[in-house]
Amino acid sequence: MSKSDRRLDIEEINGVTIARLLEKKILDEANIEALGLELFALVDKDGRKKIILDFTLVEYLSSAALGKLITMHKKVTVAKGKLVLCSIQKDILDVFKITQLNKVLTLCTDLDEALTKF
Amino acid sequence: MKTPVHFEATIPSSTTEGLAVQEQLVSLMEQFEYSMRDVFAMRLSLEEGLTNAIRHGNKLSPDKVVTVTCDIDDARMRVVVVDQGDGFDPEDVPDPTLEEFIERPCGRGLMLMRAYLTACEYSDGGRCLTMERERNSPLPILED
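Residue numbers (our numbering), protein chains in the order written: chain A, 1 to 118; chain B, 1 to 144.
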């Protein structure tokens, strides 16, 4: 996969994987499917268990994208790991609140707070 | 005051085509200088409504089309999406926030549309969706 095709930028800090979502709009199916594959590979292929998803760049996301996050959460839980989401813009945070996924997923204000969860 | 605009499109059962229409409608909102909040609400609702029509209504059938009609003026945007599927009863869609459904990866589109739209109504047995958002609507209302 070329760098321009990637939906995630990966960094590791003290054994915690920080995956920055690179797409501004996580709306169309092809993008969402590709993002899902990259996310799931972090757990299924790379065996990562401590993962932070950084939403700084994300401006839009649909319910289909929420579905991928739920599946990712389940995968990490089954692997006895932890998934934390951080730096979510206000409009996107509303989507999590409306669907009450803020009660299922761990959401943090910024990366510093997210790192304290591990 | 800008002259109201009427827009119509008939698209195949393809989410890529749905996205193209969505971009055209968002562009119309920008021409009418709707707020970022209104655009966010409508874009999200259009994505959910069009995806439902294309994927769940027409089941991606190449033999079926989706028609999209939009009327926009300074006060509101109204979009009607019609598919050629078997229809459904919106009352049959379970509340995705219930404990037994909260971890299901799908089933949140209708809830999101209802949260963001001034009007979100299905007719013709679930084949016709009318979506409307008034300019500067306070929706969504969030419970603390």
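Derived by calculation from the structure, the hints in this document are not laboratory data.
Fair warning: this is a prediction, and the values are worked out from it, not measured in the lab.
You may find that some hints are simply not true.
Cut-off 30 Å, straight-line C-alpha distance, at most; resulting in silico cross-link-like pairs (DSS-like, lysine-lysine) [stated by the list, open to error]: (1) A/K24 x B/K59; (2) B/K64 x A/K25; (3) A/K50 x A/K103; (4) A/K45 x A/K68; (5) A/K103 x A/K75; (6) A/K74 x A/K45; (7) B/K59 x A/K68; (8) B/K64 x A/K75; (9) A/K117 x A/K103; (10) A/K24 x A/K74; (11) A/K68 x A/K80; (12) B/K64 x A/K68; (13) A/K80 x A/K117; (14) A/K45 x A/K75; (15) A/K24 x A/K49; (16) B/K2 x A/K25; (17) B/K64 x A/K45; (18) A/K68 x A/K49; (19) B/K59 x A/K74.
Consistency of the hints with the structure:
Straight-line distance between C-alpha atoms of A/K24 and B/K59 comes to about 28 Å, which keeps the hinted pair within the 30 Å bound. Annotation: proposed proximity of B/K64 to A/K25 holds, straight-line Cα distance about 27 Å (limit 30 Å). For the given pair, A/K50 sits about 19 Å from A/K103 by alpha-carbon distance, which is consistent with the 30 Å threshold. Restraint check for A/K45 and A/K68: the C-alpha separation of about 17 Å stays at or below 30 Å, so the hint holds.
Our distance criterion of 30 Å between C-alpha atoms is met by A/K103 and A/K75, whose separation comes to about 17 Å. With a C-alpha separation of about 15 Å, the suggested pairing of A/K74 with A/K45 holds against the 30 Å cut-off. Taking the CA atoms of B/K59 and A/K68, the gap is near 20 Å; set against the 30 Å cutoff, the hint holds. For the suggested pair B/K64 and A/K75, the alpha carbons sit about 36 Å apart, so the restraint of at most 30 Å is broken.
Distance hint between A/K117 and A/K103 is fulfilled; the C-alpha atoms sit about 16 Å from each other, no more than 30 Å. As the CA atoms of A/K24 and A/K74 are separated by approximately 24 Å, the hinted pair is consistent with the 30 Å bound. Between the alpha carbons of A/K68 and A/K80 the distance comes to roughly 18 Å, so the proposed pair stays at or under 30 Å and holds. Of the pairs offered as hints, the one joining B/K64 and A/K68 holds, with about 28 Å between alpha carbons and a cut-off of 30 Å not exceeded.
Taking the CA atoms of A/K80 and A/K117, the gap is near 14 Å; set against the 30 Å cutoff, the hint holds. For the proposed pair A/K45 and A/K75, the alpha carbon gap of about 12 Å is at most 30 Å, so the pair holds. For the proposed pair A/K24 and A/K49, the alpha carbon gap of about 25 Å is at most 30 Å, so the pair holds. Restraint check for B/K2 and A/K25: the C-alpha separation of about 29 Å stays at or below 30 Å, so the hint holds.
Our distance criterion of 30 Å between C-alpha atoms is broken by B/K64 and A/K45, whose separation comes to about 39 Å. A threshold of 30 Å between alpha carbons decides the hint, and for A/K68 with A/K49 the separation of about 17 Å falls inside it, so the pair holds. Between B/K59 and A/K74, the direct Cα distance comes to roughly 27 Å. Compliance with the 30 Å bound is thereby established for this hinted pair.
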